[in-house]
Amino acid sequence: MAAPPVVVIVGPTASGKSALALGVAGRRGGEIVSCDSLQVYRGLDLGSAKPTVEERRAVPHHLVDVVDPDQEFSAADYGRRARAAIGEITARGRLPIVAGGTGLYLRALRQGLFEGPSRDPDLRRRLETIAEARGDAALHRLLARVDPEAAGRIAPRDRVRVVRALEVYRTSGRTLTAHHRADRRARDPYRWLVVGLDPPREVLRRAVEARTRAMMAAGLLDEVRALLARYPGRPRPLDAIGYRQAAAVLRGALTDDEAQRDMVKATMRYAKRQMTWFRHQEDVRWFADGEVALRAIGEWLG
RNA sequence: GGGGAGGUAGCGAAGCGGCCAAACGCAUCAGACUGUAAAUCUGACGCCCCUCGGGCUUCAAAGGUUCGAAUCCUUUCCUCCCCA
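In short: position in the first sequence from 1, add 15, done, that's this note's numbering.
Mixed in with the good hints, there may be bad ones.
[Stated by the list, open to error] Across the chosen pairs, the derived CB separations fall in these ranges: (1) Asp135 / Glu217: 38 to 48 Å; (2) Glu130 / Pro215: 39 to 49 Å; (3) Ser89 / Gln296: 17 to 27 Å; (4) Asp304 / Arg141: 44 to 54 Å; (5) Lys287 / Leu138: 24 to 34 Å; (6) Asp304 / Arg245: 18 to 28 Å; (7) Arg221 / Arg288: 15 to 25 Å; (8) Glu217 / Arg141: 41 to 51 Å; (9) Pro215 / Arg160: 46 to 56 Å; (10) Asp198 / Arg310: 32 to 42 Å; (11) Ile145 / Gly108: 48 to 58 Å; (12) Leu119 / Ala18: 17 to 27 Å; (13) Val218 / Pro163: 40 to 50 Å; (14) Ala197 / Glu217: 39 to 49 Å.
[Stated by the list, open to error] Derived EDC-like pairs: lysine to aspartate or glutamate, alpha-carbon spacing no greater than 16 Å straight-line: (15) Lys287 / Glu217; (16) Lys280 / Glu217; (17) Lys280 / Glu224.
Think of the hints as simulated: they come from the structure by calculation, not from any bench. Since the structure is predicted, the reported quantities are computational estimates derived from the model, not experimental observations. The beta-carbon is built from N, C-alpha and C at its ideal position, and this holds for glycine as well.
Make the full structure from the sequences, and use the hints.
Below you can see the structure in the form of structure tokens.
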């Protein structure tokens, strides 16, 4: 029996992934598995460009609205849940369409992450304190002592990664490098088609500008005001593009106009990072245009 | 017409005799990424050879002073502000 097909649609934000996914789903009886680190959070609707209620009524969406913004969620959680969702969809005889721009999440889904410890907030706090008090270089030296290979790969100023590497070592007793080595990939039960959307920069820029304007007009500030009232601790997802600018406006630190300009800039930079990831980390068939991509997917599915 | 401020790399902006191809910020380009990922971080960024390095042309324009000028002087052009 042939391995069931899974269509994956990647690319930078605002490149038309959702529309393409909806197009494929409509034609092929598919269900969409979002691959987006923001859309998993309930309440982050406008700023995450979440699919609308109508879209979600027309086509089932998975991995959207699965946790609250102050709950812990990780790439590994995503991978587990997305795999489960794909299993159910294929069991129903339908086509899973994974769509989204979060590269790490897609990796977690397809390859899985190494078998290692999850985050340890207390330990992270302690490590952060060391970095604050003695500097990033000092923390990096700590890492160099236990895991010189990881230290060689990670820039001293990249605190997020230095902290995680130390966290892995201290909570599991094994270095990050050792975990990576021991990492064994399970055989993959699916046939994957990874399609990438890469519209010309200027086209993307205009789409980002239009979407940013639309988000503000639709009430992003109200959304953020409500979220901040409900989660005064300002959980991590609220640092995302759009949310941090909206928060700055509410605080009086930015005007609407400045916030919009900043959102566009930040989004374009983000799009760049996404392209870098997908160009180098995934085997993608690229298309500048959604229509052409849609036809190619049709042919591949046969 | 008189007085004042100024013209520096794609933009903003430092520098005000040598350590200046010229700080810094932005934009741009390239890259990394294994449980924070719309996060976090790195590099390039006058031109050419490109390896440490070397060569070439720049700081509105032209002349000048000086061993040496983005920095001082003169003239010209342009911008902004104030008074007429």
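> Per the hint of 44 to 54 Å, is the separation of the Cβ atoms of aspartate 304 and arginine 141 within bounds?
Replying inline: holds, 51 Å
>> Run the distance test for lysine 280 versus glutamate 224: straight-line Cα separation, threshold 16 Å.
In response: Since the Cα atoms of lysine 280 and glutamate 224 sit roughly 9 Å apart, the hinted pair holds (cutoff 16 Å).
>> Verify the CB-CB distance for isoleucine 145 and glycine 108 against the hinted window 48 to 58 Å.
In response: holds, 54 Å
>> Would the hint linking lysine 280 and glutamate 217 be met if the CA-CA limit is 16 Å?
In response: Holds, at about 13 Å.
> Lying within 38 to 48 Å: is that true of the beta-carbon distance aspartate 135 to glutamate 217?
Replying inline: Roughly 45 Å apart at Cβ, these two residues keep to the hinted range, so it holds.
> Within 46 to 56 Å or not, the Cβ separation of proline 215 and arginine 160?
Replying inline: holds, 48 Å
> Can the suggested window of 17 to 27 Å be confirmed for the beta-carbon pair serine 89 and glutamine 296?
Replying inline: holds, 18 Å
> For the pair supplied as a hint, lysine 287 and glutamate 217, is the alpha-carbon distance within the 16 Å limit?
Replying inline: holds, 13 Å
> Cβ-Cβ distance between aspartate 304 and arginine 245: within 18 to 28 Å?
Replying inline: violated, 41 Å
>> I want to verify a distance hint. Is the separation of the beta carbons of aspartate 198 and arginine 310 within 32 to 42 Å?
In response: holds, 37 Å
>> If I claimed the Cβ atoms of alanine 197 and glutamate 217 lie 39 to 49 Å apart, would that claim hold in this structure?
In response: With a Cβ separation near 46 Å, alanine 197 and glutamate 217 satisfy 39 to 49 Å, so the hint holds.
> Should the hint that lysine 287 and leucine 138 are 24 to 34 Å apart at their CB atoms be regarded as holding?
Replying inline: holds, 33 Å
The structure is inconsistent with hint 6 alone, although it conforms to all the rest.
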